[in-house]
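S.K.: Residue strings, one per chain:
Protein chains: 2
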Amino acid sequence: MSGSLTFKQLEKAHQGHQFDWTQLLENVRFDDQGLIPAIAQQYDSLEVLMMAWMNRQALLETLQTQRVCYWSRSRQAYWRKGEESGQIQRLKELRFDCDGDAILLLVDQTGPACHSGRKSCFYTAIQGDHAQILTNPIISPEKLYPK
Amino acid sequence: MSGSLTFKQLEKAHQGHQFDWTQLLENVRFDDQGLIPAIAQQYDSLEVLMMAWMNRQALLETLQTQRVCYWSRSRQAYWRKGEESGQIQRLKELRFDCDGDAILLLVDQTGPACHSGRKSCFYTAIQGDHAQILTNPIISPEKLYPK
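Residue numbers (my numbering), protein chains in the order written: chain A, 944 to 1090; chain B, 944 to 1090.
Okay, chain A solo, but in the shape it has when bound:
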């Protein structure tokens, strides 16, 4: 491990090349609010489940605990996915994109990822002139978030 590695330098790296990941950390591009978008994809079915945001600490915690932690912009608080609903995301692998400003999380999602009770948040599809609802909840939201 010696200093910093830029994402630009990695463009020329070959498949299988390994390095100490902390060399990349200072080059991860958080936005002016300190956040980076993170896409969660179910690792086996490859279904895209949701998109949320991480700050630096949420990223580090996720890697350390292997349980996904986001930063909630609406609540301005750490959001350990499933802490209320029980529907957690176990991390299988975390990937950065080519310029280090987006994250792909391969996860094992317990139950639904969506607060509506659906597996994925992306259930509204535009098909030509109309939109269509693609899925039903697999758990009712009332069961997910009892009073």
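Be a bit skeptical, because a hint or two may be false.
It does not matter which identical chain is used: a pair holds within one copy or between any two.
Simulated pairs of lysine to any residue, SDA-like, Cα-Cα distance not exceeding 20 Å [said to hold, decoys possible]:
1. Lys1035 / Glu990
2. Lys955 / His1058
3. Lys1035 / Leu989
4. Lys1086 / Gln1000
5. Lys951 / Arg1010
6. Lys1086 / Ala956
7. Lys955 / Asp1044
8. Lys1035 / Leu1077
9. Lys951 / Lys1086
10. Lys1035 / Pro1080
11. Lys1086 / Leu1006
12. Lys1035 / Asp987
13. Lys955 / Gln985
14. Lys955 / Tyr1088
15. Lys951 / Asp1044
16. Lys1086 / Leu948
17. Lys1035 / Asp1051
Simulated from the structure, these hints should not be mistaken for lab results.
With chain A held as given, fit chain B onto it using these hints.
M.R.: For chain B alone, coordinates are given in the frame of chain A:
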């Protein structure tokens, strides 16, 4: 078609429910720069290819032409994917997430999505303490962007 439909209202809609999609348009949540994140996923392999941004006009153009158009934040210009490299994205289906602040594009990507020549931009994986490069380019960047 009658007025506006909120994403909140759609939470209770059933699978197969159809409606005029323009009822949703005013409730799509662009950020304070007028942008919304858009994830591109290869429609058949389900590989996540990239994440970029759209403004309202890029979204409308993409739906109209069925060819993906982003807004480039670095160039502050419309970015018709493939206009320089020839590696276009044909839209198969566009989906909104449950609160209307993220888009999932199911696309048919010609060649690589990544400017590095790789199929996907997400080729740097964190695995424990080390990072690993997952893939090689399928086309050399020099061929993608000849001078």
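S.K.: Hint by hint, say whether it matches the structure.
M.R.: Tested hints:
1. Lys1035 / Glu990: both (14 Å within a copy, 16 Å between copies)
2. Lys955 / His1058: Between. Shortest inter-copy distance 11 Å satisfies the 20 Å Cα cut-off; intra-copy 41 Å does not.
3. Lys1035 / Leu989: both (12 Å within a copy, 17 Å between copies)
4. Lys1086 / Gln1000: Neither. Shortest intra-copy (31 Å) and inter-copy (39 Å) distances fail the 20 Å Cα cut-off.
5. Lys951 / Arg1010: neither (29 Å within a copy, 28 Å between copies)
6. Lys1086 / Ala956: between (48 Å within a copy, 18 Å between copies)
7. Lys955 / Asp1044: within (18 Å within a copy, 34 Å between copies)
8. Lys1035 / Leu1077: For Lys1035 and Leu1077, the Cα distance is within 20 Å only across copies (15 Å; inside one copy 27 Å).
9. Lys951 / Lys1086: So Lys951 and Lys1086 pass the 20 Å test across copies only (18 Å; inside, 47 Å).
10. Lys1035 / Pro1080: neither (25 Å within a copy, 24 Å between copies)
11. Lys1086 / Leu1006: neither (30 Å within a copy, 37 Å between copies)
12. Lys1035 / Asp987: within (10 Å within a copy, 22 Å between copies)
13. Lys955 / Gln985: neither (29 Å within a copy, 24 Å between copies)
14. Lys955 / Tyr1088: Answer is between; shortest inter-copy Cα gap is 15 Å, intra-copy 47 Å.
15. Lys951 / Asp1044: Close inside one copy (12 Å), not across copies (29 Å); limit 20 Å.
16. Lys1086 / Leu948: neither (46 Å within a copy, 25 Å between copies)
17. Lys1035 / Asp1051: Close inside one copy (7 Å), not across copies (26 Å); limit 20 Å.
Hint violations for this structure: numbers 4, 5, 10, 11, 13, 16, all remaining hints satisfied.
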